[in-house]
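Trainee: Going down the list, the protein sequences come from chains A and B.
Just so you know, we're using the working numbering here: the first sequence kicks off at 1 and counts up by one.
Just so you know, we're using the working numbering here: the second sequence kicks off at 1001 and counts up by one.
Hints are computed from structural coordinates only; laboratory data are not their basis.
These numbers were taken from a predicted model, which means no experiment stands behind them.
Accuracy of the hints is not assured; some may be wrong.
A few chain B residues facing chain A, derived, Cβ under 7 Å [claimed, not checked]: (1) 1009; (2) 1010; (3) 1013; (4) 1017; (5) 1022; (6) 1026; (7) 1027; (8) 1029; (9) 1031.
As a list, the in silico BS3-like pairs of lysine-lysine whose alpha-carbon atoms are at most 30 Å apart [to be verified]: (10) 1019/B x 113/A; (11) 1028/B x 1197/B; (12) 47/A x 1018/B; (13) 122/A x 1007/B.
Have a look at the derived ranges for each label pair, beta carbon to beta carbon [said to hold, decoys possible]: (14) 1228/B x 157/A: 58 to 68 Å; (15) 1208/B x 57/A: 50 to 60 Å; (16) 114/A x 1001/B: 15 to 25 Å.
A virtual CB, placed ideally from N, CA and C, is assigned to each residue, including glycine.
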Amino acid sequence: MIELQNGHTRALDILIDRWEMRIRSFVYRYTQDVSWTDELVQETFVKIYQNASKFDTSRKFSPWIFTIATNICRNLHRWKKRRVGLDQSIDDSDLPLNIEDTSAATPFVDAQKAEQEQQVRKAIMSLSEHYQTAVILHYYQGMSYEDIAEVLKCSVRGVETRLYRARKTLKQKLSAIPV
Amino acid sequence: MNDKELKNILSTWEVDLKKDPMLHEKVKSRIHEQEVASFENQLDNPLSFGLAIRRFLPYLSGITALGAIIFLFTVKFPGKMLDNSSMPEVYRQIVDPANSIKQNLASTEGFADIKRPIGLSRTRFGEAVSWLEDRVRLTPQQSMQFEKIHNEYYDRFVGLSSQLILLENQYREFERLRISDREVNLLSVYDNLQAQKDIYQQALQVQQLFLNQIFQVLDAEQEGLYGEILSTPKLLNPPSARNEAGIKREWQI
Chain A
1 MIELQNGHTR ALDILIDRWE MRIRSFVYRY TQDVSWTDEL VQETFVKIYQ
51 NASKFDTSRK FSPWIFTIAT NICRNLHRWK KRRVGLDQSI DDSDLPLNIE
101 DTSAATPFVD AQKAEQEQQV RKAIMSLSEH YQTAVILHYY QGMSYEDIAE
151 VLKCSVRGVE TRLYRARKTL KQKLSAIPV
Chain B
1001 MNDKELKNIL STWEVDLKKD PMLHEKVKSR IHEQEVASFE NQLDNPLSFG
1051 LAIRRFLPYL SGITALGAII FLFTVKFPGK MLDNSSMPEV YRQIVDPANS
1101 IKQNLASTEG FADIKRPIGL SRTRFGEAVS WLEDRVRLTP QQSMQFEKIH
1151 NEYYDRFVGL SSQLILLENQ YREFERLRIS DREVNLLSVY DNLQAQKDIY
1201 QQALQVQQLF LNQIFQVLDA EQEGLYGEIL STPKLLNPPS ARNEAGIKRE
1251 WQI
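Next comes chain A alone, as it looks inside the complex (with noise of 0.2 Å):
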């Protein structure tokens, strides 16, 4: 990041090639819209780019990223809101499938896991944006209380707050898939 901050571009390509995944996997989950993940992954890192000088190089990295990121992808959540009335808008068919198959034990095993995954996603989508950001920093990217506040700007008892009412949601909404 210093390096960047120096104008080095060649530190930009070394940072895209080691968050690029991290920052793709996020963005999926949170917009659960392969069409618009390539474009704001891109964004993601252009905006890094433009704001590399304000980034205070003693703090950690991977709140700043996430918190850029997950402001990128609020944006577009509340444009689509805006534009579509997304609210209405969202049922099953508009949640892709998986986007690769990765399992291949039998069609009923791969089926069941599909039925599951999409509940998951689904209960994950109904939660609203705040406690759904908690949720995938936290389960999908291993972020600790503490990076995640300063993602969200809010305090760790907040989070902790946060995550308990998501859990609580999550586990009713998913009481019917077994364990």
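With chain A's structure known, arrange chain B on it following the hints.
Mentor: For chain B alone, kept in the frame of chain A given last:
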């Protein structure tokens, strides 16, 4: 269900995303586009123009300053207020890959590589589509369908443009080698030209499918407006691929 069980269930949502091998290029190209756009915006912004004039005012003679002010109020400001002409251009760059690349070729000097058009960014395209919806006076219902069709075709159009740019730049590399008397694999040149021809053809087909769908959404009056704004007949007459006879003569194929 306890927390551990919830965690296990959540972990069943796996995503198998692929790295984008062109991401570095795309990001750099967008950075460049935004820098250019921001520079152009500063030049186009009447306020910043005003600020610039005010900053330089002490150094200008009275007459020059007066001339500049007259220019701003007679040409620049009304032009800014009335003119939104870049929007159709941005829109055309997407939905008309063949003509857009052709224009790009015309504006690039010599055999330098051609650049990805600015309008290819989804954000700018979204702005152009919204602008068009207003101009064509679509109902909310029509707007939804209009946007849906554009979203469905966006990736295909951008894909075609990118392929055309890639092939054109490959071709230009051949030209540079030829001019510098270095060895060129003529079979590769032939393959390149053939691929370009196929993609131009493909672009035309995709464009026709796209326009058919768009026209199904619009009523007769809106169709007229759409055609008027975008010179639609031009869209239906793509540029011919390279003049093959000329190419063969030039390359002695």
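Trainee: None of the hints should be skipped; say for each whether it holds.
Mentor: Checked hints:
1. 1009: Because about 6 Å separates residue 1009/B from the closest Cβ in chain A, which is inside the 7 Å limit, the hint holds.
2. 1010: Constraint on residue 1010/B satisfied, holds at 5 Å.
3. 1013: Nearest chain A Cβ about 4 Å off; hint holds.
4. 1017: At 5 Å from the nearest chain A Cβ, residue 1017/B passes the 7 Å test, so the hint holds.
5. 1022: For residue 1022/B, the interface hint is violated, since the closest Cβ of chain A sits about 10 Å away, which is over 7 Å.
6. 1026: 5 Å, holds
7. 1027: 4 Å, holds
8. 1029: At about 9 Å, which exceeds the 7 Å cut-off, the nearest Cβ of chain A leaves the hint on residue 1029/B violated.
9. 1031: Holds: closest Cβ of chain A sits about 5 Å from residue 1031/B, inside 7 Å.
10. 1019/B x 113/A: This hinted pair holds, its Cα atoms lying about 24 Å apart.
11. 1028/B x 1197/B: 29 Å, holds
12. 47/A x 1018/B: Given pair residue 47/A, residue 1018/B holds - Cα atoms ~22 Å apart, limit 30 Å.
13. 122/A x 1007/B: 16 Å, holds
14. 1228/B x 157/A: 58 to 68 Å: 60 Å, holds
15. 1208/B x 57/A: 50 to 60 Å: Once the Cβ atoms are compared, 54 Å apart, the range 50 to 60 Å for residue 57/A and residue 1208/B holds.
16. 114/A x 1001/B: 15 to 25 Å: Given range 15 to 25 Å: holds, Cβ gap about 21 Å.
Hints 5 and 8 from the earlier list are contradicted by this structure; the remaining hints agree with it.
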